[in-house]
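Trainee: Letter by letter, the chains look like this.
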Amino acid sequence: MTKVGPGRISLESAVRRVGDNGSGGIAVFLGVVRDNDRGRRVSAIEYHAYPEMARAVLDRIEKDLRKRFPLGGVVLEHRTGRLKIGEASVIVAVSAPHRAEAFEACREGIERIKAELPVWKKEFGPGGVLWKEEQDLRRAKRRTVGASR
Amino acid sequence: MTKVGPGRISLESAVRRVGDNGSGGIAVFLGVVRDNDRGRRVSAIEYHAYPEMARAVLDRIEKDLRKRFPLGGVVLEHRTGRLKIGEASVIVAVSAPHRAEAFEACREGIERIKAELPVWKKEFGPGGVLWKEEQDLRRAKRRTVGASR
Amino acid sequence: MKVRVLFFASVADAAGTRSLDAELGNRATVADLRRKLEKDRPRLAGRLGKCAAAVNTVVVSPARALADGDEVAFLPPVSGGAE
Amino acid sequence: MKVRVLFFASVADAAGTRSLDAELGNRATVADLRRKLEKDRPRLAGRLGKCAAAVNTVVVSPARALADGDEVAFLPPVSGGAE
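These protein sequence lines map, in sequence, to chains A, B, C and D. Take the first sequence: its letter number 9 is residue 1374 in the working numbering, and every next letter is one higher. Take the second sequence: its letter number 76 is residue 1441 in the working numbering, and every next letter is one higher. Take the third sequence: its letter number 3 is residue 4 in the working numbering, and every next letter is one higher. Take the fourth sequence: its letter number 22 is residue 23 in the working numbering, and every next letter is one higher.
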């Protein structure tokens, strides 16, 4: 089951939905908004998605995970809109007969979401408002300048 | 925070307790009672602990995890008594600044619990009532007999 | 032909819009569309080259030929999740 | 000296009890206690050897010397968790 949208992520509901009588292990990863990003203070984050594509990407990831692992249930959700510190932006929950498979599938799910999901974040803080990908570009430039000296 | 006892495991409460403003990732493993054990049907499981030692072992595991990983919060709980199919017997929840550390610490926590915690389970099913360690001995004997032919 | 163009995040800010319609010659590719957009909107210069392009939600190469009615999205490096 | 002995799971079933007190000579070890228990309760024979032993909740080797008032637990292979 996959979802992209502004509704709050419910851990309890996700775990209920992946539960399965034949599954002994449930692994969950929850990404939450932190109060800092590599030292820069953060007060809130806004997530913007390309929703139609994001849904297609999550469905593809679920399909691939089910092909690679003997999973009972799979929940992949990413929240959009403005989130406060401590709120969950993303959840990956899977159930499997044994724990090794549950852990591996959960890890693979979040890694693929981070690499492939068309979602962008705007960080709000005392230093102003910045799109994450712009910060990363600036950081990369600073590194390059430093290295060429 | 660690606990061994008959009270129900609350996922929501565990995740609330590991939450931490500096943590971006929460990894959770939940062990639940399955309806079968390697093919043998199971209707319920009774967990018996050596409680004083189990508490000491969980505290030691938490201490070691905190030494090895930059964790925000740690919750390690094992339930005792009679559990139905689908009920959670064990939970490991950790929060960390980044997801790699959260996954590794969570995995290490459950592996150590499985190897070290003085808890034993009695499986109830249509085939009767059996202590898990006795089944494992019988299985090992069968394998030995098979191998020597 | 006419295609629908979508921008996101910092690129939408630079474009001054999150979407627009673009008129292209027959057999135009994603690379052609990118050049045209960067010419029409100088603030996009250097930005679209750092984006992946998706046609109808599927990531494609710059050489991909476009068809009338396609939805073309320029995707800055993604930053989903929370850490 | 007197020590408190704890049994668990299938071993408690075989012992017919979950705990008992045992009298031992001075300088008795965990191995001495094991032999005495297997002699007193034949159904324990072969079982205690498969158990780890813990003294006052800490796992010890069979050569460990016991002291008056120690709590000695015989631990069958553990099976915590759920799968």
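To be clear, the hints were calculated from the coordinates, so they are not data collected in a lab. Values in this document were obtained by computation on a predicted structure and should not be read as measured data. The C-beta atom is built at its ideal place from N, Cα and C for all residues, glycine as well. Some hints could be false.
[What the hints assert, rightly or not] Taking lysine to any residue pairs in the SDA-like style, the calculated list, with each CA pair at most 20 Å apart, reads:
#1 K1487/B x E1469/A
#2 K51/D x K1449/B
#3 K1428/B x A53/D
#4 K1487/A x A13/C
#5 K1479/A x V59/C
#6 K1449/A x D1385/B
#7 K1449/B x K1487/A
#8 K1487/B x V59/D
#9 K1449/B x L45/D
#10 K1479/B x K51/D
#11 K1368/A x V59/C
#12 K1479/B x T58/D
#13 K1479/B x K1487/A
#14 K1428/B x K51/D
#15 K1479/B x K1479/A
#16 K1479/B x A53/D
#17 K1449/B x K1479/A
#18 K1368/B x A13/D
[Claimed, not checked] Simulated restraints, written as ranges between beta carbons of each label pair:
#19 T18/D x A1409/B: 32 to 38 Å
#20 N57/C x R1431/B: 44 to 50 Å
#21 V1494/A x K40/C: 26 to 32 Å
#22 N57/D x G1372/A: 33 to 39 Å
#23 A1465/A x K1449/B: 23 to 29 Å
#24 A1465/A x K3/D: 41 to 47 Å
#25 V59/D x R1406/B: 24 to 30 Å
#26 G1492/B x N57/D: 48 to 54 Å
#27 G47/D x E1452/A: 32 to 38 Å
#28 E1417/B x T18/D: 38 to 44 Å
Trainee: May I ask which of the numbered hints given earlier this structure violates, with the numbers listed in increasing order?
Mentor: 1, 2, 3, 7, 8, 9, 13, 14, 15, 17, 18, 19, 22, 25, 26, 27 and 28
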